[in-house]
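Student: Got chain A sorted already, so can you dock chains B and C onto it with the hints?
So you can see what is in the structure, the chains are spelled out below.
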Amino acid sequence: MKIRSYKPLLPLFLIYALLILIAVAVPGMWQPVAFFMFYVALGQAFNIFMGLTGYVDFGYVAFLGLGAYGMAIAIKYFSSLGLISILLGILLAVVMSILLSLAVGAVALRLRGAYFAIATIGVNEGFRYLIEGVRLWGGSEGIVLSGLMRRTFGRETANLLSTFFSDILIIAIAILAAMTTIWILNRKMGYALLALREDEDAARVMGINVTKYKIMAFITSASFAGLIGAVAWTLKLTYVFPEDVFNIHYTVEAIVIVMLGGAGTLLGPVVGGLIYGVLKYYLSVVFPGIQLLILAPMLILTIIAFPEGIVGFIKKKGKKSRISYYLR
Amino acid sequence: MVFAENLISNLFYGALLGSIYGVATMGLSLIFGVLRIVNVGHGAFIMIGAFTAFWMFTLYSLPPVAVIPIALVFGLAIGFIAFQAVIRRLVDAPELSTLLATFGIGIFIEELAKLVWGADYVGFSWDIGTLYLGPITVSYSKILAFFCSVLVAALLYLWFTKTKLGNAIRAVVQDREGAVVCGINVNRIFALSFSIGIGLTVLSGVLVTLFVPVGINVYMGGDYTLKAFVISVLGGLDSPWGAFIAGFLFGLFENGSYAILGLIPGVEPFALTRFVAFAFLLIILLVKPTGLLGGGE
Amino acid sequence: MALWGMQVAKKWINEKHGGIKVGDKIYKVEIKYYDDQSNKEVVKSLVEKLAVQDGVKFMLAPYSSGLTLAAAPIAEKYGVLMNSHGGASDYIFEQGYYYVVQTLSPASKYQTGFLEMIKNIDPNAKKVAMVYEDTEFSRSVFKAAREYAEKNGFEIVFDKTYPKGVQDLSPLLNELKASNPDIIIGGGHFADGQLLASQLAELKINVKAISILVAPALPKFYDALGTKAEGISAPAQWETGVSYSPDAAKKLGVDYFGPTQEEFLQMFKEVSKSDELPSYHAAEAAAAVLSYAYAIEKAKSIKPEDVREVMNNVEFMTFFGMWKIDPDTGKQIGHDMVIIQWQGGEKKIIWPPEAANSEPYYPIPTWEEKEQGKLAKP
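Protein chains in written order, with the numbering used here: chain A, 484 to 811; chain B, 309 to 605; chain C, 3 to 380.
Since the hints were made in silico from the structure, they are not lab data.
Take the hints with a grain of salt, since some may be wrong.
Which stretches of chain A does chain C cover? Using the computed rule of at least three CB atoms under 8 Å from a CB of chain C, they are [to be verified]:
| hint | stretch |
| --- | --- |
| 1 | 633-639 |
| 2 | 715-729 |
| 3 | 763-771 |
No residue lacks a Cβ here, since even glycine has one placed at the ideal position from N, Cα and C.
Pulled out of the complex, with its shape left as it was, chain A reads as follows (with noise of 0.2 Å):
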């Protein structure tokens, strides 16, 4: 195998413009689509981090938040700048995200496989609580934004960028994640995050800076779940509410697809992501009210049957065959 090979980008990128083409194609798509990308990002998203490193943060809703409440205070404070403020917006979730990344790395990365999980829950649950306990950014009243942005924007312009831009924002955030991923994979980090993940003390033993690549992949993880969280969520529902953007569900869901596609590949998240979302929604179109009861079986089944993810899986059986090119 090459070492650098971009190849496995391309059943990525055709996935990514098959599903393009269904929601601009078919009338009524696009906001499933928009759904099922969003699903795919957050896989992605966080498939840098517990993908190459085996680390689980199962805070990792936080950097969500975070980024959700930093498009809110841009929108909410500097709306008279008009679609600016969106950039704004993107920058600051970024950077609080990336923030907050850096003082969780400083203090939680020293912790080793299910502490480092669960310390990361605390951070998570206490920053919720923090906000609504301190009343910070409208405590648990959270920002409502529809208005302000109707008002400012325009009625127009405002469901233009609730309704569609948003969306289109999500996709660019799944393609750049994809590009980031491979981009890692294919460079020495890449390798010293495998190695890490194999073996942490031998890793650190052969002398690879094993804490520098760890934080990198952490802030790389978390800067992209904060966009996710902007766009997803602020910009997509006009709103932020703390007990909402801090659920650990979202965590687990994140857990749930990577672990489906299969954790490290580039393709799992998306595969991942694909059939938990497009499971979600038509089971609740076809069976609404007792969707979650078949859904929960089918992802029993489809764990036992793939215990390394479906991607994972096809990677082991294809290692000889061409298909090998085209996964990583």
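Tutor: Positioned in the frame of chain A, the structure of chains B and C alone reads:
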């Protein structure tokens, strides 16, 4: 004077609450310690216990205390089925795949419970009087819940340290490969520990209803799952009684800090008590990265 | 529950009323529904599917304020009307969405009626304690309650919240007890409302009257708490036994539309196939469907924009009560809430007097008296 009274009574309430937190976490810790599985569906089993208590009370007028053994047996059975059907097949799979499986199991149980019990919030009323103790007013059922929790924790401790099976489980916790070498049937230990873990968790659901007999709902488990995660780490993950003590401390911190936080003007002290409890967790982990009572990694 | 309510409304319109008449054409009501799982991501997709693929023109908004807000831009994009039957928060209607209207009374009305009642029956009860869930819904309820209380000479002696998902309110209630209030208003949703009542009982906090949001309005509240629930009040959007009828409508000189209360109860039994009485969630959902049918007939058009136009000017009565919206915001201003109180194991309407079917029991029995078996029966 008022402050002292508040602090004393809040610490008292915190101790009661903490014992419930503790007992509701032990099952999670046991399963993690032995099988290295993070049971994301933990809360669903607490919910099952709560509903068992509710059902037995409304259908057969059985007091919750009498339901404890029933719930334990029920939980053992569910745990055994879940292990045989799903977990057994994932023991050698990547660690995190079990996380997805327990997520699925949790949802499945919740949705099944919704079909059986409906989506309503239910409760029952089992009054056995009230204790007045200086500034403290508390129902006897909560005190009973406290003693039952302590008893369950103590019994588990004895079972672990004094019986052969218990020792075998502890051996697996400490060194899985070593235990195999010593001739311990690890798969049997896994099945047993998972069943006991779930059994304990369902049982704790009954004790939860002794403490809070209302607001029982199929989705009530989420809050407990989260707390249990945190508490189990605080206690050092692989020791169930560490979890119990940590739960106790967590409760003390949550309720106890209210007396102080309540004095700060312009904030919502109750939410801040949560903040303080989680901050406490982080500080402990910084000082001692393997939890209060945890050993090595 | 809400779905059954909608089905009752559909059944009445299609069978009893003979469909919606627009000019010479008769339209039958059809209901399409999906489960949004209270998930803010799913809801947008489902609303778009309803609007585009299913061709739905009149929608009932999702059952929460946040979800309604998430769905509103999509509804507006496709020119679909959304009628809120569960999203009570006032701020939804302050965002300028023309296509969102409301059938139930907004959050700001939830606890003011109770204070008004107290003012009328006991002018000396001045000290109010507020203890409620820290969520946007209860915050908007109690913000309005605070304003009302201050304006009407009440003194707020305690005003604290608790976070969602709490298991123990003891520290908070301990402090509340020390403030020695005359009345307590509080609550948020289902679970915490039950918890609040049960812990007020446990800590033996005796006051003259208690009103808790949402939870006590459901029969399960009494099942859960037993006689401890005696005397506890709650605001309700609707309750079996309210006095809205064709006669009442005639007196006010407005139209009456939809089934009478008896018909509704009868049909609800048929649809739900159970003896359970409908809660106000069923009634408000039915009323939202009925309001569409009424406005469509008035507009003589099934175009959402025409119907929305007509809605500005209609005022009519259903078994749920009056229906009239504020033309600018779409907020419901015609409908009145009632206050219920548990009396001898039955939910009785005690306020406003013109809708009541029982006298308020005041002051309520103490917890000790309730333990002795005293009921709040006048």
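Student: The structure should be examined with respect to each hint, and the outcome stated for every one.
Tutor: So, going through the hints one by one against the coordinates:
no.: 1; hint: 633-639; in the structure: holds (count 3)
no.: 2; hint: 715-729; in the structure: holds (count 9)
no.: 3; hint: 763-771; in the structure: holds (count 5)
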